[in-house]
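**Student:** Going line by line, the protein sequences match chains X and V. In terms of the numbering used here, the first sequence opens at residue 1 and continues consecutively. In terms of the numbering used here, the second sequence opens at residue 1001 and continues consecutively.
Possibly wrong hints are sitting among the right ones.
Here are the simulated lysine to aspartate or glutamate pairs, DMTMM-like style, with alpha carbons at most 25 Å apart [unchecked claim]:
| # | chain 1 | residue 1 | chain 2 | residue 2 |
| --- | --- | --- | --- | --- |
| 1 | V | Lys1069 | X | Asp177 |
| 2 | X | Lys123 | V | Asp1043 |
| 3 | X | Lys66 | X | Asp143 |
| 4 | X | Lys86 | V | Glu1157 |
| 5 | V | Lys1049 | V | Asp1177 |
| 6 | X | Lys42 | V | Asp1080 |
| 7 | V | Lys1069 | X | Asp43 |
Derived by calculation from the structure, the hints in this document are not laboratory data. Keep in mind it's a predicted model, so treat the numbers as computed, not measured.
2 protein chains.
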Amino acid sequence: MVIKVLYPNNIKKEFKHNISHKNRGMDLENLINDTNKYYIEKDIALIYKKPTPIGIVDVSYENKHKIIKKGYFASPSTLDYNGIYKGKYLDFEAKETKNKTSFPLRNIHHHQIEHIRGVIRHKGISFLIIKMNGLIYLLEGTDFLNYIDSKNRASIEYNYIKEKGHLIKEAFIPALDYLKTVDKIYFKERGKSG
Amino acid sequence: MVIKVLYPNNIKKEFKHNISHKNRGMDLENLINDTNKYYIEKDIALIYKKPTPIGIVDVSYENKHKIIKKGYFASPSTLDYNGIYKGKYLDFEAKETKNKTSFPLRNIHHHQIEHIRGVIRHKGISFLIIKMNGLIYLLEGTDFLNYIDSKNRASIEYNYIKEKGHLIKEAFIPALDYLKTVDKIYFKERGKSG
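Please build the complete structure, drawing on both the sequences and the hints.
**Tutor:** Set out below in structure tokens:
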């Protein structure tokens, strides 16, 4: 059975009623993108995914439109998402892994680690959202850096993520209310950042 | 005569000695990009240009690398640059025009105007950097919106930019120290934003 749902901005979305909202097949990126749209519509925060950086090799014109004929994917030096929430600068990365015992670090570049360090130094909020073993965690930038700096490893043990990470629950609207978790961590005491 | 200059991070740049640093042919975007690199190296601010959003139509693989075979340029809903400075969220757009009497608004989309409004509402700093008649101005987001909201025009008169805008001087290193101007406007009184 297919039900049509009218979202606040009248974007129609179809989904199957018999699939629970907890596992309707959205990957982590889509959960966050949908949630960010909701935050913007409700004027809660302005957070956007940065476009993937592209190197353009060749372009041509079709019907007066510039078309890319050849390009490649460049590696980003910042994180995927940034924006503003309650007057604070927010900057984070979202990653999922099928690995059950450890979160591999090969997908987080050296530049990105230094970027997290920089954001915290400049009094912004930076963290990772990690999906692993069917659960979604917010790992604070400082906890991530503490691990990286103390252990010279290619991955983060799941036990560390379970211990230090903050569980973010999936829901209906918004799909992944990670700002609720951000509130608990960063807006509990005035002026706390990192 | 060609002189090699070693920049702080050892990026070599060649330029002709007989061209003054004030007009060595850099366009506004390059002036800002070079300046942002300098700010990052000196740990003054973390400000990046967002990649141009691309719609990807077709990809293929060459030597195990994913290559874009067809793509198009999508229109951005946010501004070109954003980042963090002195703990504040910064978000701005840079535009130049050859028009001498007015700055055409056709290159600033409705979404972008609403984005400027949103950033200010959320206590971030948003502005335009406009190059016109050989001069570079910082036009505060609030002054930009006041004009847009009071006059239903397709352009901003140069007189308004001259009157409300803040001149940013080109220099050597960094090429365009716009944060000096930001300091004067936004960090004069504690907590002022917009």
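**Student:** Compare the structure with each hint and give your call.
**Tutor:** Against the structure, the hints come out as follows:
no.: 1; hint: V:Lys1069 x X:Asp177; in the structure: violated, 37 Å
no.: 2; hint: X:Lys123 x V:Asp1043; in the structure: holds, 13 Å
no.: 3; hint: X:Lys66 x X:Asp143; in the structure: violated, 45 Å
no.: 4; hint: X:Lys86 x V:Glu1157; in the structure: violated, 34 Å
no.: 5; hint: V:Lys1049 x V:Asp1177; in the structure: holds, 16 Å
no.: 6; hint: X:Lys42 x V:Asp1080; in the structure: holds, 23 Å
no.: 7; hint: V:Lys1069 x X:Asp43; in the structure: violated, 38 Å
This entry does not satisfy hints 1, 3, 4 and 7, going by the numbered hints stated previously.
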